[in-house]
Amino acid sequence: MSVQYTITELAREFDVTPRAIRFYEDQGLLSPSREGSSGLRRVYSARDRTRLKLTLRGKRLGFTLSEIRDLLDLYDSPTDTAAQLQAFLATLARHREVLERQREDLNATLEDLAQYEAQARALLERDANATERT
1 MSVQYTITEL
11 AREFDVTPRA
21 IRFYEDQGLL
31 SPSREGSSGL
41 RRVYSARDRT
51 RLKLTLRGKR
61 LGFTLSEIRD
71 LLDLYDSPTD
81 TAAQLQAFLA
91 TLARHREVLE
101 RQREDLNATL
111 EDLAQYEAQA
121 RALLERDANA
131 TERT
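Numbering (the working numbering), first residue to last: 1 to 134.
It is possible that some hints are incorrect.
Result set (SDA-like, lysine to any residue): computed pairs, CA atoms no more than 25 Å apart in a straight line [to be verified]:
1) 59 - 29
2) 59 - 91
3) 59 - 35
4) 59 - 88
5) 53 - 8
6) 59 - 26
7) 53 - 23
8) 59 - 16
9) 59 - 9
10) 53 - 95
11) 53 - 7
12) 53 - 84
13) 59 - 5
14) 53 - 104
15) 59 - 19
16) 53 - 99
17) 59 - 115
18) 59 - 17
19) 53 - 3
20) 53 - 76
21) 59 - 98
22) 53 - 34
23) 53 - 12
24) 59 - 47
25) 53 - 81
26) 53 - 96
27) 53 - 40
28) 59 - 69
29) 59 - 70
30) 59 - 31
31) 53 - 82
Taking CB as the label site, the calculated pair distances span [stated by the list, open to error]:
32) 26 - 86: 25 to 33 Å
33) 94 - 8: 33 to 41 Å
34) 90 - 43: 28 to 36 Å
35) 65 - 8: 19 to 27 Å
36) 104 - 125: 29 to 37 Å
37) 8 - 59: 46 to 54 Å
Note that these hints are calculated values from the structure, not bench results. Note that beta-carbon positions come from the ideal geometry of N, C-alpha and C, so glycine has one too.
Using the sequences and the accompanying hints, generate a full structural model.
Here it is in structure tokens:
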């Protein structure tokens, strides 16, 4: 018998809510089987567990759910590893470009803040010196 997980077990293991796991299922990232007389009880396979782990890792890296789905689907397809790695590298390159631009913007903003802070401190010092003289 293969290893199976409940939604509660996965939620606890990956520190996410069952609602988040159901959302990932709705987005086509996970596909649990159903058990019970009403078919409402979700049963997750080792494949689903791995896909959830990779989904959460992709989210931490800033990938969209669509990008994550595409990458996961590549790993499920019978294509060769080179195509999978090329697609992964292309996705990483796009995200690196976005993050580099964001870092440039952040650095520019920090420089502006430093200038404003220096100006404010200079004004305070000037005012304090003017008050001491009177």
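Here is what the structure says about each hint:
A distance of roughly 12 Å separates the Cα atoms of residue 59 and residue 29; the hinted pair therefore holds under the 25 Å criterion. For the hint linking residue 59 to residue 91, the alpha-carbon distance of about 13 Å falls within 25 Å, and the restraint holds. In summary, the hint linking residue 59 to residue 35 is not supported, as the alpha carbons are separated by about 29 Å, beyond the 25 Å threshold. About 14 Å separates the Cα atoms of residue 59 and residue 88, which keeps this hinted pair within 25 Å; it holds.
A hinted pair counts as satisfied when its Cα atoms are at most 25 Å apart, and residue 53 with residue 8 qualifies at roughly 15 Å. With a C-alpha separation of about 16 Å, the suggested pair residue 59 and residue 26 falls inside the 25 Å cut-off, and the hint holds. A distance of roughly 14 Å separates the Cα atoms of residue 53 and residue 23; the hinted pair therefore holds under the 25 Å criterion. With a C-alpha separation of about 12 Å, the suggested pairing of residue 59 with residue 16 holds against the 25 Å cut-off.
Annotation: proposed proximity of residue 59 to residue 9 holds, straight-line Cα distance about 20 Å (limit 25 Å). Between residue 53 and residue 95 the alpha-carbon distance is near 20 Å, which keeps this suggested pair within the 25 Å criterion. Restraint check for residue 53 and residue 7: the C-alpha separation of about 13 Å stays at or below 25 Å, so the hint holds. Note on residue 53 and residue 84: the hinted pairing holds, with a Cα-Cα distance of about 18 Å set against a maximum of 25 Å.
For the hint pairing residue 59 with residue 5, the CA-to-CA distance comes to about 22 Å; that is within 25 Å, so the pair holds. Restraint check: the Cα-Cα separation between residue 53 and residue 104 comes to about 31 Å, which exceeds 25 Å; the hinted pair is violated. Note on residue 59 and residue 19: the hinted pairing holds, with a Cα-Cα distance of about 16 Å set against a maximum of 25 Å. At roughly 23 Å between alpha-carbon atoms, residue 53 and residue 99 fall within 25 Å of each other, so this suggested pair holds.
This hinted pair does not check out: residue 59 and residue 115 have alpha carbons roughly 35 Å apart, beyond 25 Å. Pair hint residue 59 plus residue 17 holds up; C-alpha atoms about 15 Å apart against a cutoff of 25 Å. Taking the CA atoms of residue 53 and residue 3, the gap is about 16 Å. The hint holds against a cut of 25 Å. For the suggested pair residue 53 and residue 76, the alpha carbons sit about 15 Å apart, so the restraint of at most 25 Å is met.
Only pairs whose Cα atoms come within 25 Å are accepted, and residue 59 paired with residue 98 is accepted, the gap being roughly 15 Å. At most 25 Å may separate the alpha-carbon atoms for a hinted pair to count; residue 53 and residue 34 meet this at roughly 21 Å. The suggested pairing of residue 53 with residue 12 holds, with an alpha-carbon distance near 12 Å, which does not exceed 25 Å. The straight-line distance between the Cα atoms of residue 59 and residue 47 is roughly 18 Å, inside the 25 Å bound, and the hint therefore holds.
Restraint check: the Cα-Cα separation between residue 53 and residue 81 comes to about 20 Å, which is no more than 25 Å; the hinted pair holds. Using a Cα cut-off of 25 Å, the hinted pair residue 53 and residue 96 holds, with the two alpha carbons roughly 22 Å apart. Our distance criterion of 25 Å between C-alpha atoms is met by residue 53 and residue 40, whose separation comes to about 23 Å. For the hint pairing residue 59 with residue 69, the CA-to-CA distance comes to about 11 Å; that is within 25 Å, so the pair holds.
For the given pair, residue 59 sits about 13 Å from residue 70 by alpha-carbon distance, which is consistent with the 25 Å threshold. Between residue 59 and residue 31, the direct Cα distance comes to roughly 19 Å. Compliance with the 25 Å bound is thereby established for this hinted pair. A C-alpha spacing of about 22 Å is found between residue 53 and residue 82, which places the hinted pair at or below 25 Å, so the restraint holds. Checked against the given bound of 25 to 33 Å, the beta carbons of residue 26 and residue 86, roughly 29 Å apart, stay inside it.
At about 36 Å, the CB distance of residue 94 to residue 8 agrees with the hint of 33 to 41 Å. The beta-carbon spacing between residue 90 and residue 43, approximately 35 Å, falls within the hinted interval of 28 to 36 Å. Between residue 65 and residue 8 the C-beta distance comes to about 23 Å, which sits within the given range of 19 to 27 Å. For the pair residue 104 and residue 125, the beta carbons lie near 32 Å from each other, so the given range of 29 to 37 Å is met.
At roughly 21 Å, the beta-carbon separation of residue 8 and residue 59 lies outside the given 46 to 54 Å, and the hint is violated.
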